[in-house]
Amino acid sequence: MIGTQGAPIKRPRRWLKWGLELAIVLALIFGVRAWQQRTLIVGEAPSFNEIGLQGEEVSLAAYRGQPLLLHFWASWCPICEIEQGSINKVLEQGWPMVTVAYSSGEAEEVKRYMERKGISNWVTIVDNDGELAGQYGVIGVPTSYILDNEGSVRFREVGPSTSWGLRLRLWWTETFS
Numbered sequence: 000m001i002g003t004q005g006a007p008i009k010r011p012r013r014w015l016k017w018g019l020e021l022a023i024v025l026a027l028i029f030g031v032r033a034w035q036q037r038t039l040i041v042g043e044a045p046s047f048n049e050i051g052l053q054g055e056e057v058s059l060a061a062y063r064g065q066p067l068l069l070h071f072w073a074s075w076c077p078i079c080e081i082e083q084g085s086i087n088k089v090l091e092q093g094w095p096m097v098t099v100a101y102s103s104g105e106a107e108e109v110k111r112y113m114e115r116k117g118i119s120n121w122v123t124i125v126d127n128d129g130e131l132a133g134q135y136g137v138i139g140v141p142t143s144y145i146l147d148n149e150g151s152v153r154f155r156e157v158g159p160s161t162s163w164g165l166r167l168r169l170w171w172t173e174t175f176s
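Mapping of the sequence shown onto numbering that gives the first Met the number 0: position 153 corresponds to residue 152, and the numbering continues sequentially without gaps.
Treat each hint with caution, since some may be false.
No farther apart than 16 Å at their CA atoms in a straight line, the calculated lysine to aspartate or glutamate pairs in the EDC-like style are these [unchecked claim]: (1) 110 - 80; (2) 116 - 80; (3) 110 - 55.
Derived by calculation from the structure, the hints in this document are not laboratory data.
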């Protein structure tokens with residue numbers, strides 16, 4: 000387009016503005032994620048040997064040789080409640096999973112909550128004092144770890160996760176570890 004003086008009119012480069020805005024948004028997202036994950040462990044996962052909610056022995060060593068979803072949640076956490084369907088789908092697909100009920104009350108209280116929510120089939124450790132969460136650097140829930148067949152952390156996530164995202168990470172860990 001030509002202006003009144005015969006010189007071309009410079010149109011704003013919208014794509015440049017949009018690209019800059021997208022870069023800022025992505026930088027914010029990745030910055031927040033890095034900040035949320037700053038305390039989470041990397042490398043070899045701390046071993047544990049606990050009594051599960053159903054009275055069974057639950058240990059990290061029992062899951063060696065396969066990937067494992069280790070999921071920290073709380074009964075008072077609304078995001079955890081929303082995420083329960085995604086966690087159930089991972090379990091229904093046959094992936095090994097241990098959940099940790101963080102600061103959610105005594106075992107009977109957690110058991111009643113899980114029965115009410117239809118998640119009593121989860122292998123669950125009650126971590127009322129936060130000791131196990133502390134070993135894993137968990138300062139907020141939900142927090143998920145994907146451990147490889149040797150018990151090393153491959154993925155870690157703070158905040159809600161989708162079932163397909165968790166299953167993809169588990170598959171990746173199984174295939175490439």
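How the hints compare with the structure:
no.	hint	in the structure
1	110 - 80	holds (15 Å)
2	116 - 80	holds (9 Å)
3	110 - 55	holds (14 Å)
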